[in-house]
Amino acid sequence: MALGRFAALAFIACLASYGASASDYPTSRITVVVPFPAGALTDVLGRLVADRIREETGQAVIVENRPGAAGNVGIDVVAKSKPDGYTLGLVGNNTLVVNPHLYKVMPFDPVKDLTLVGLVGEVPQVIAINPNVPVKNMAEFLELARKTPGRYTYASAGTGSPSHLNVFRWSKIAGIELTHVPYRGIAPALMDVLSHQVDILEAGLSTFQAHAEAGKIRILGVDGFARLPSLPDTQTLSELLPISGIDAKVWFGLVAPAATPAPIVNQLNGYLKRLNADPDVRARLAREGIEVPIFVSPAEAGKRVSLELDQWRRVIKDGGLTADSP
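Its first residue numbered 266, the sequence shown is counted upward by one per residue in our numbering.
For the record, the hints were derived by calculation from the structure and aren't laboratory data.
Be aware that a few hints might be false.
Here are the simulated PhoX-like cross-link-like pairs (lysine-lysine), alpha carbons at most 25 Å apart as the crow flies [what the hints assert, rightly or not]:
#1 Lys412 <-> Lys437
#2 Lys401 <-> Lys582
#3 Lys538 <-> Lys568
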């Protein structure tokens, strides 16, 4: 009996200590892991989030770049870290919802090993073409491509990147055959479209805007369900094709290890909520072509991961794609 009382008291003391540590958070330095190189959009957003946490808490916050395997290397560090809120990750959706279907071996499970604290930004994707192709809009391009299967090419930032999978998806729905030309990043892909070596590229509007204004590239359409305020006359693919379900936007979020206490996750979620509401931040993101997402709770963010995991599984499985696919 005495032993039982001792065990119960020890358990209560443990719970009290656990709750106190969560309520006192943070008391030391926080690390935000960015799974891509410095200067990448993920890195820019990671530093923005780190600055906000620093301002809110008064604690030191460092950004640690750990690139590799399309984000898997860095986010694996987060997944295997102590779940105490002191190691976080700024991740793009592809690492969470696409990589598990492309890589034969994944170092972590995005649902079981991670908690998506909340969303930071979304980037609508637009389709652009080199102006040597004799079309003025997406409808004309689809008609032309149907008449000449395999004639037109599309560049991407690499196999499994949004610029690859989005075009792969809608070209199959449209019943057209395009040839994929993968690159190591969006910059070299863009250069070959600008030099008329490749025909099509899909990416965020900021990738193309200056070149479009200079007449060096032509924006054909928006890969999504809503026209962009900055491109009111540019049609969406949903106006031309029976596209439903998958949102082509690239989104970014803050992740923590799965067992991180709910009070800490909710506290971090609050930092993101205030970051998203900051008018200066919203203006800065808009200049980069980044939309502030509709604010969601950690539970709602987790549901989005589960939904998109299933959606992209079907696309990748039907296409027989792997991380080594051409």
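Results of checking the hints against the structure:
The hinted pair formed by lysine 412 and lysine 437 meets the criterion: a straight-line CA distance of about 15 Å does not exceed 25 Å. Using a Cα cut-off of 25 Å, the hinted pair lysine 401 and lysine 582 is violated, with the two alpha carbons roughly 33 Å apart. For a cut-off of 25 Å, the pair hint linking lysine 538 to lysine 568 stands: about 18 Å separates their Cα positions.
Checked against the numbered hints given earlier, the structure breaks only hint 2 and satisfies all the rest.
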